[in-house]
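A.B. asks: Knowing the structure of chain S, use the given hints to seat chain Y on it.
Which chain is which? The protein sequence lines are S and Y, in order.
Each residue of the first sequence is one higher than the one before, counting from 1 in this note's numbering.
Each residue of the second sequence is one higher than the one before, counting from 368 in this note's numbering.
Note that these hints are calculated values from the structure, not bench results.
Don't take every hint at face value.
To be verified - One-sided excerpt, in silico: chain Y residues whose CB lies under 7 Å from chain S:
(1) 435
(2) 471
(3) 474
(4) 550
(5) 586
(6) 587
(7) 610
(8) 632
(9) 641
(10) 645
What the hints assert, rightly or not - FRET-style restraints, in silico, Cβ to Cβ:
(11) S:113 to Y:702: 54 to 60 Å
(12) S:113 to Y:647: 52 to 58 Å
(13) Y:418 to S:195: 30 to 36 Å
(14) Y:647 to S:195: 39 to 45 Å
(15) Y:662 to S:296: 52 to 58 Å
(16) S:66 to Y:662: 29 to 35 Å
Stated by the list, open to error - Just so you have them, the derived chain S footprint on chain Y, three or more residues with Cβ under 8 Å:
(17) 379–388
(18) 588–601
(19) 617–630
(20) 713–726
Glycine included, C-beta positions come from ideal geometry on N, C-alpha and C.
Protein chains: 2
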Amino acid sequence: MSAYRIISADDHVQEPKDTWEKRVPSKLRDRAPRVVNVDGGDVWMLEGQVVMKMGMNAAAGKKFEDYKLEGETYQTIRAGAFDPSERLKDMDADGIDGAVLFPNAFWAFMVQDFELQLACMRAYNDFLAEFCQTDPRRLIGIGLVPTDNVEEGVREAQRVAKLGMRGLLVSSFPKAGPLSSEVFDPLWAAAQDLALPVHLHLAVGDTRGQVFHNERNVRGLLPGQILINSMGNMEALARLLFGGIGELFPKLKIVSVEGNIGWIPYFLERADRIYQRHRFWSRLQLPMPPSEYFHRQVYATFIEDRAGIRLRDLIGVDNLMWSSDYPHTDTTWPNSLKYIDETMAGVPEDERRRIVGGNAARLYGLE
Amino acid sequence: MSAYRIISADDHVQEPKDTWEKRVPSKLRDRAPRVVNVDGGDVWMLEGQVVMKMGMNAAAGKKFEDYKLEGETYQTIRAGAFDPSERLKDMDADGIDGAVLFPNAFWAFMVQDFELQLACMRAYNDFLAEFCQTDPRRLIGIGLVPTDNVEEGVREAQRVAKLGMRGLLVSSFPKAGPLSSEVFDPLWAAAQDLALPVHLHLAVGDTRGQVFHNERNVRGLLPGQILINSMGNMEALARLLFGGIGELFPKLKIVSVEGNIGWIPYFLERADRIYQRHRFWSRLQLPMPPSEYFHRQVYATFIEDRAGIRLRDLIGVDNLMWSSDYPHTDTTWPNSLKYIDETMAGVPEDERRRIVGGNAARLYGLE
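In isolation and in its complexed conformation, chain S is listed as follows (with noise of 0.2 Å):
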């Protein structure tokens, strides 16, 4: 174990078979989402359709060689992924101690009927609770807000507060605008009320990597596509940054996860660059350099990011978080202690001690 804290900032847990089905309201169960077995692997059916396939879901423990699509079972994967207390044995087996948990079910954010899809994120958030409760010092839910019906999603950060969670989930690219647009504020201001940081989770909410599952024979494309699904929470800030969000809501914290850091010293000189020339003719309401609102309000997670690290200056020591994201394909479990050697080689102890934890315990209240 660490002489210090290590918190892994982003985390996911794989949802038990009956994570739904046991808690949407009778109505809607039998429209619940519901494991179903195709050609020997597990995978998820909403509404007819394939949600979720088992496979790079779920990863953890397995060789890169025998990696794939789909075809694992709940059998066949790390009971840690979706059991509390076998996840806590998997962390302690890490060296984690704590672990920031964020779904699999990135597909609740796509649910067409929104009725169906405020009832499964409230399915899980009440799921999740229950789950971070088994060690609530170590487990850190953050909770899932629509982003389809603001008013709604106001509703349940309300009620994820009360659940005990540390932040929100929310889709980038929502259905009603861009994040910028005006149709979010009353989000953002309850977001701030309630010190609940909010998160733009890589590929939460972006169809573009649908596009490529659909054309599974063009060469390359589907490892291409895992290159650029940072270019989602890029996105996403750009819109935030200049739509001025830091600026009307000083207090609002925002955690891009999973998208890595290295690109990040790049979009802040080139945004600041941006504010210099163009904020006359596009009658930018900012007062500040969009930096400036990075630097303040925005946190970044990385798994592995030795570019990100060297540059560790321009971001902002204090706004990195590092994280194992277990289970998935790219975890650094069961030897992340060894791959944060390797990626923070020659970062100062104190500097290293904010970023494998203490920037996490700091942002979601832990100390």
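C.D. replies: Chain Y in isolation, oriented as in the chain S frame:
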């Protein structure tokens, strides 16, 4: 003037008013794009649509406070944008020895009717060849090549070579499929045989920006769009690298133009990590990690980008090319030497020499 050669690897021409009318075949003359004055500003019309407004496309020499989206005319912009003799004077005034020339007419790639599209591209190429004849040592032309019809693309590439141009500009998001699709192999083969680098230019073929232009009322959307424009280069490069184009065409050169460079260290590090973890299930046909193809075959231009310069060892000093982007809003004109000094403070003289001109001279055979 500098003690060594300075080449701007990304400049633009504002096509003169008669560019197309006087060069497309007579049967298409009535459909050729032309300039009309709307509310005091010149706009280019094609098939009843506004395809370009005079504003951001020729801002050189104006104060940032005076930049505008529209409302400029051929009288209010610098003549160097469209007149080659004036261009050479503007280059002299800025201490620039050579300029690699790209169009303002990105709309050419989006013309629906292919006969008209091809005619417009051929006319542009004929125009640019004449423009460069004013001083072929200093004015380096890049020809337009259609990707909607690859057979015609190959033919036009051969014509572009005969016209004395030094490279090919293609759509980063062709209608015929992702750049990694096999349908484009004949074009890459032709480019390799002709020793003409293939250029991916910011925003060319990228329809995402258009969405933003239609939603002008949303806060900060347009400046935010400028910020994320380089994502298009990232996405196109991801497809080419993971599509194995570097492996299939080992002498092909690819240039990322105006996408800047600060994101590339992250991009390559992440690409190699994806290669390490995901090449098995995805059956990637790549004997080397993507970064090795990049270092061997890809070049990238930048204007100001201190983050990228700090991490230049991770990109490859020989893969970088400075540019002034004259006459666009990002241009360093008429203070390019000062901007270069600021961006490259601390860079050893021999590296700087390569970045500001040596690499371009080698790539385009100007030595």
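A.B. asks: Hint numbers the structure violates, sorted upward?
C.D. replies: The structure conflicts with hints 2, 3, 4, 12, 13, 15, 17, 20, although it agrees with all the remaining ones.
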